[in-house]
Amino acid sequence: MADQEYKVFIISDSVGDTGDQVARAAAAQFPDATLHFSKYPFTQTQSLLDGILKKAHREHALVFSTFVNSELNQFAAQICKKNEIQYYDILTPALNIFENATGLEPANKPGRRHSLNDNYFDKIAAMEFAVTYDDGKDPAGFLKADIVLLGVSRTSKTPLSLYLANKGYKVANLPLVPQASIPDEIWKVDHNKIFGLTTTTEVLNGIRRQRMISYGLNPDSSYSNSDSIKAELKFADDLFKKVGCLVINTANKSIEETATIIMESLEDDPQ
Numbered sequence: 008m009a010d011q012e013y014k015v016f017i018i019s020d021s022v023g024d025t026g027d028q029v030a031r032a033a034a035a036q037f038p039d040a041t042l043h044f045s046k047y048p049f050t051q052t053q054s055l056l057d058g059i060l061k062k063a064h065r066e067h068a069l070v071f072s073t074f075v076n077s078e079l080n081q082f083a084a085q086i087c088k089k090n091e092i093q094y095y096d097i098l099t100p101a102l103n104i105f106e107n108a109t110g111l112e113p114a115n116k117p118g119r120r121h122s123l124n125d126n127y128f129d130k131i132a133a134m135e136f137a138v139t140y141d142d143g144k145d146p147a148g149f150l151k152a153d154i155v156l157l158g159v160s161r162t163s164k165t166p167l168s169l170y171l172a173n174k175g176y177k178v179a180n181l182p183l184v185p186q187a188s189i190p191d192e193i194w195k196v197d198h199n200k201i202f203g204l205t206t207t208t209e210v211l212n213g214i215r216r217q218r219m220i221s222y223g224l225n226p227d228s229s230y231s232n233s234d235s236i237k238a239e240l241k242f243a244d245d246l247f248k249k250v251g252c253l254v255i256n257t258a259n260k261s262i263e264e265t266a267t268i269i270m271e272s273l274e275d276d277p278q
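In my numbering, the protein residues as written are 8 to 278.
Source of the hints: derived by calculation from the structure; they are not laboratory data. Being a predicted model, the structure only gives us computed values, none of them experimental. Do not take every clue at face value.
[Said to hold, decoys possible] Heads up, simulated BS3-like pairs for lysine-lysine below, C-alpha to C-alpha not over 27 Å straight-line:
id : residue 1 : residue 2
1  : 130       : 144
2  : 14        : 130
3  : 144       : 14
4  : 241       : 260
5  : 46        : 62
6  : 88        : 151
7  : 237       : 248
8  : 195       : 241
9  : 62        : 14
10 : 130       : 62
11 : 88        : 46
12 : 260       : 248
13 : 14        : 89
14 : 174       : 195
15 : 144       : 237
16 : 195       : 144
17 : 237       : 260
18 : 144       : 61
19 : 61        : 89
20 : 130       : 151
21 : 249       : 260
22 : 62        : 89
23 : 46        : 174
24 : 46        : 61
Make a model of the complete structure from these sequences and hints.
Now the structure itself:
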């Protein structure tokens, strides 16, 4: 049945990100299944929920929910049971654990995790910082940053910067090019805040060739030439040694894995 297509509905009385992440994380373990995801956020009335569940029934969808409103959750569970819709309530088991442990009742207010508190505005400021100081556009950013990323082209500096910004860190990054001058500000940054990103010649060659092809250009250029890449990586490695920073090989790591190494390193820093 691997060739069958499946609909997956994520329904929430808030934005639905939690349900979407859980459903997709589970779905990733079934790479041969064809899954189509639909998210229905801010479903806060029974009439709206009823319409979505009728659609789920018609389309034989699998339903994931993150309702903090217990009445909506019970309504969804009853309708799904009646119509034999596979239904997974993500939030209630977790709420029950905290309720049992603390003796307190949940607030039952949708979107509390996404409220406009200081943490929210810190993340927005960090995202703006990452965009402003991406690719070494303004060297002054290195002295203001919580994290400075160094690496040759296509070592995931920008996406990693944005991921870390979403965690509240102000990140600046610098692309490394042989023979290019290194901004004086880099030498003034605490080496514990600097992280060197490297990879293998083979991986970088493959990424760069695909990038050239996607632009409709000749993949056999100096940009993707193995000898040129080796020279770039050596230049970067020599600089990392001079700076004294932690070096992370991103060749077989996801953005999340690399970010975790960086965040744990900062937590372990005695300063």
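Results for each hint:
Between the alpha carbons of residue 130 and residue 144 the distance comes to roughly 21 Å, so the proposed pair stays at or under 27 Å and holds. Using a Cα cut-off of 27 Å, the hinted pair residue 14 and residue 130 is violated, with the two alpha carbons roughly 33 Å apart. With a C-alpha separation of about 44 Å, the suggested pair residue 144 and residue 14 falls outside the 27 Å cut-off, and the hint is violated. For a cut-off of 27 Å, the pair hint linking residue 241 to residue 260 stands: about 20 Å separates their Cα positions.
Between residue 46 and residue 62 the alpha-carbon distance is near 13 Å, which keeps this suggested pair within the 27 Å criterion. This hinted pair does not check out: residue 88 and residue 151 have alpha carbons roughly 55 Å apart, beyond 27 Å. Distance hint between residue 237 and residue 248 is fulfilled; the C-alpha atoms sit about 17 Å from each other, no more than 27 Å. Under the criterion of a C-alpha separation no larger than 27 Å, the hint pairing residue 195 with residue 241 is consistent with the structure, at around 23 Å.
Distance check on the hinted pair: residue 62 and residue 14 sit about 11 Å apart at the alpha-carbon level, within 27 Å; holds. With a CA separation close to 36 Å, the supplied pair residue 130 and residue 62 exceeds the 27 Å bound. The hinted pair formed by residue 88 and residue 46 meets the criterion: a straight-line CA distance of about 21 Å does not exceed 27 Å. With a C-alpha separation of about 22 Å, the suggested pair residue 260 and residue 248 falls inside the 27 Å cut-off, and the hint holds.
Distance check on the hinted pair: residue 14 and residue 89 sit about 19 Å apart at the alpha-carbon level, within 27 Å; holds. A hinted pair counts as satisfied when its Cα atoms are at most 27 Å apart, and residue 174 with residue 195 qualifies at roughly 25 Å. Straight-line distance between C-alpha atoms of residue 144 and residue 237 comes to about 25 Å, which keeps the hinted pair within the 27 Å bound. Straight-line distance between C-alpha atoms of residue 195 and residue 144 comes to about 17 Å, which keeps the hinted pair within the 27 Å bound.
Under the criterion of a C-alpha separation no larger than 27 Å, the hint pairing residue 237 with residue 260 is consistent with the structure, at around 20 Å. Between the alpha carbons of residue 144 and residue 61 the distance comes to roughly 52 Å, so the proposed pair goes past 27 Å and is violated. Between residue 61 and residue 89 the CA atoms are separated by roughly 11 Å; this keeps the pair inside 27 Å, and the hint holds. Restraint check for residue 130 and residue 151: the C-alpha separation of about 16 Å stays at or below 27 Å, so the hint holds.
Note on residue 249 and residue 260: the hinted pairing holds, with a Cα-Cα distance of about 25 Å set against a maximum of 27 Å. The hinted pair formed by residue 62 and residue 89 meets the criterion: a straight-line CA distance of about 14 Å does not exceed 27 Å. Using a Cα cut-off of 27 Å, the hinted pair residue 46 and residue 174 holds, with the two alpha carbons roughly 24 Å apart. For the given pair, residue 46 sits about 15 Å from residue 61 by alpha-carbon distance, which is consistent with the 27 Å threshold.
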